[in-house]
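Line by line, the protein sequences are chains C and W.
If you're matching positions, the first sequence starts at 1207 in this note's numbering and goes up one per residue.
If you're matching positions, the second sequence starts at 212 in this note's numbering and goes up one per residue.
Check the hints yourself; a few may be wrong.
[As the list claims (entries may be wrong)] Here's a subset of chain W near chain C, in silico, CB distances under 10 Å, partners left out:
| hint | residue |
| --- | --- |
| 1 | Leu230 |
| 2 | Gly251 |
| 3 | Ile309 |
Hints listed in this document are in silico derivations from the structure and should not be mistaken for laboratory results.
Given the structure is predicted, the values throughout are model-derived calculations rather than measurements.
Here a beta-carbon is modelled for each residue, glycine too, at the ideal position from N, C-alpha and C.
Residue strings, one per chain:
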Amino acid sequence: DARVTQTPRHKVTEMGQEVTMRCQPILGHNTVFWYRQTMMQGLELLAYFRNRAPLDDSGMPKDRFSAEMPDATLATLKIQPSEPRDSAVYFCASGLLWTSGGYNEQFFGPGTRLTVL
Amino acid sequence: TQLLEQSPQFLSIQEGENLTVYCNSSSVFSSLQWYRQEPGEGPVLLVTVVTGGEVKKLKRLTFQFGDARKDSSLHITAAQPGDTGLYLCAGGLWGSYIPTFGRGTSLIVHP
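Just chain C, with the same shape it has in the complex (with noise of 0.2 Å):
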């Protein structure tokens, strides 16, 4: 049964640490996104990969954040410096995109729920 797995699950670090957040993609997918989950946003898109070129990361704080996919079976976030509104739920996805019909469907991990003191 092929799951996208993130690691680690839960994440407690202080402000002004790096944190490094890993996705490994279901194979054979072609397309990855990074979310952040909050109570006030929602689901909120990042990064989007596309045979592991970045494609979109317009919704990313660049200064701090960055996404990486060095290969096809490891995508990373980092942020750094970390800070406390940085607190949330990051989800990763995998996909397939259908380009005759136009859309992914998606598969996302468990989280990694992001706690920032």
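Assemble chain W onto chain C, guided by the hints.
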């Protein structure tokens, strides 16, 4: 303002009742998806609708895509406690493969 507006925001019902949740927009979408998210987990895809007027059924769940492709609804018949969760709709605008999510409808079904 949200591109996709979901209503109601919260719904608390008794087991056996029927319910409908809505996903509306002023924009036209090439496709629309519904996800269910349980506490502590990521959203799980339920269905994708791509044709205006399309109706899809998944056991007790019925999904409809509006004729104008601007709205969708999810109807649950005889709700069960296992249906409890956050229901999210997500749409892809024409020419964009990036789905936009609504804020969700939080459903609680009491036994």
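> Hint check: is the beta carbon of isoleucine 309 (chain W) less than 10 Å from a beta carbon of chain C?
Replying inline: holds, 6 Å
> Holds or violated: glycine 251 (chain W) as interface residue toward chain C, Cβ cutoff 10 Å?
Replying inline: holds, 8 Å
>> Is the interface hint satisfied for leucine 230 (chain W)? The criterion is a beta-carbon contact with chain C at less than 10 Å.
In response: violated, 21 Å
In the structure shown, a violation is registered for the earlier hint numbered 1 alone.
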